[in-house]
Amino acid sequence: MFQNRAEALALALPAAIFAATVFLVPVVILLSDGFRAPAGGWTISAYTDFFSNPLNQAVFLRTLRLGALVTIASAVIGYAAAFAIVSLEPGAKGKVTGLVVLPLMISPVARTYAWIVILGRTGIVNQAFQALGITEAPLRILFSETAIFIGLLQLFLPLMIISLISALENMPKDAIPAARVLGANWFQVFWKVVLPLTKEGLVIGGTLVFTGSLTAYITPAILGGSKVLMLETLLYQQVAVSNNFVAASVIAFILIVMSFAANILLKRVATARNKQRSPQ
Amino acid sequence: MTARSLFIPITLLLVIAFLIGPFLIIVAASFSAGETLAFPPQGFSLRWIAKVFTVESFRASFGMSLFLAIGGTAAALVLGIPASYALSRYKLPGAEIVRTVVSAPIIVPGIIVGLALLRYIVVPFQVGITLALFLAHTALVLPYAVRVVSASLDNLRSDIEEAAVLLGSSRLGAFFRVVMPNIRGGIMSAFILGFVTSFNQVPVSLFLSGPGVRTLPVDMIAYMEIVFDPSVAALSSLLAFLSIGIVFIAERFLGFSRYV
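Chains as they are written, first to last, in the numbering used here: chain A, 583 to 862; chain B, 1486 to 1745.
Extracted from the complex, chain A is given alone in its bound form (with noise of 0.2 Å):
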């Protein structure tokens, strides 16, 4: 540790600096302009507006329920997969390890739009239900809800899994034959042994994929087309359509309040549940 503290701060101060006036200013500005009256003064009434608004309302908490779904789909398939891949040999282990995080190299748009070639009208979806005789005309899946939830599963269930990995290879190797030689079912081994053992990793990855989801661009914008709007493709409609500078400052303000809001209810489930099972 050196002492010398104005040499600490000239290396420091211009990356502060620098993100104070390019990013932390700016935001704070963006987001007081929510709450500022026309007249003056401070008002919460661009809030309550906002809120009003039925369309407003159905984006709100669609982004919600997507985010929630993505987030529960990816723990359950998430923690499927991350058994499986820890049950390997090493060496296959690293390649199927590999072959998971290779997603997250390619461009989300690239990985965003091959979904309209599975899902679209003359897709390999509508195509096999047509051919299997499941449907006859073609089901309209792209720009829908589902199409959404699928790409955003898609693009974070690797941060699932490689979260559960980690957890779970940080677990003691006997605990599960342990439990099992005590008696419990596959059930209560994993939700009296594993899930207790692993929920650190599965509230990282959970916060990774719910915050992402939350404020997912890319997504919403190719597979929900202009009428199924999240809060991210809603507040860029806002700006570029309706040139209402307000009501994306409010977007924002509820995009950051949800995210902020979902890391430390997260971090809270974590310690609480840690507290409840100490004394035991």
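Quick caveat, the hints were computed from the structure, so don't treat them as lab data. One or more of the hints may lead you astray.
[Stated by the list, open to error] As a list, the in silico EDC-like pairs of lysine to aspartate or glutamate whose alpha-carbon atoms are at most 16 Å apart: (1) A/809 x A/727; (2) A/755 x A/671; (3) A/677 x B/1736; (4) B/1536 x B/1520; (5) A/774 x A/756; (6) B/1536 x B/1714; (7) A/809 x B/1710; (8) B/1576 x A/589; (9) B/1576 x B/1647.
Chain A is already provided as a structure; the job is to place chain B on it using the hints.
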């Protein structure tokens, strides 16, 4: 027992198919000879791959994205390396505040950063779009630069540079001759991570575009809304192979994944 031994391969097959399959379909579709985007591809040709290179806006936006990814990441490292060094080696007053401010751009959604920059920097100070994009991408990469460089500094024992100083080297000389060679892998990894992050970034650049000034992914989204031919698929495949190639080489020579 058979049910359990089947569980592993089937789960892996389904998950990998879900994660990688769409990408393979895009690659296949980009070799199509047909006029519209479809799978299975109609015939085989390289015409769409060739077309990517002839679209004027793709060439311009690719150049812009490349400039932002290289320039923005380099700028973020120039700011981030000294800051990381101060955070890891000095008793810095307000260290927590500096850390929070520097890593904040990662927490706030990019679309908000872009809009705030447009409204309160670009418009009032008459900043050009290219400069604004450069500032935005630098701010975006800064948290990654600080995180990765800090991690490799923390793994390096600080007494070797103290020894260099005791032996008569200046602090600066000790940094360049002792510390830098030892964190080179971390810096290269931070550069690659920053490059890929900046290159693939969309929301921050959405509002920051002007006549003829656009990043490649934003341009691709705009193009696919108008034209439904396989050229975006071809471009996506090319970009994907480019970034997979970069990461693969980085892993081979730097052990990239140790730092990220």
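* Among the hints numbered above, which are violated by the structure, and what are their numbers in rising order? -> Going through the list in order, the structure violates no hint and respects every one.
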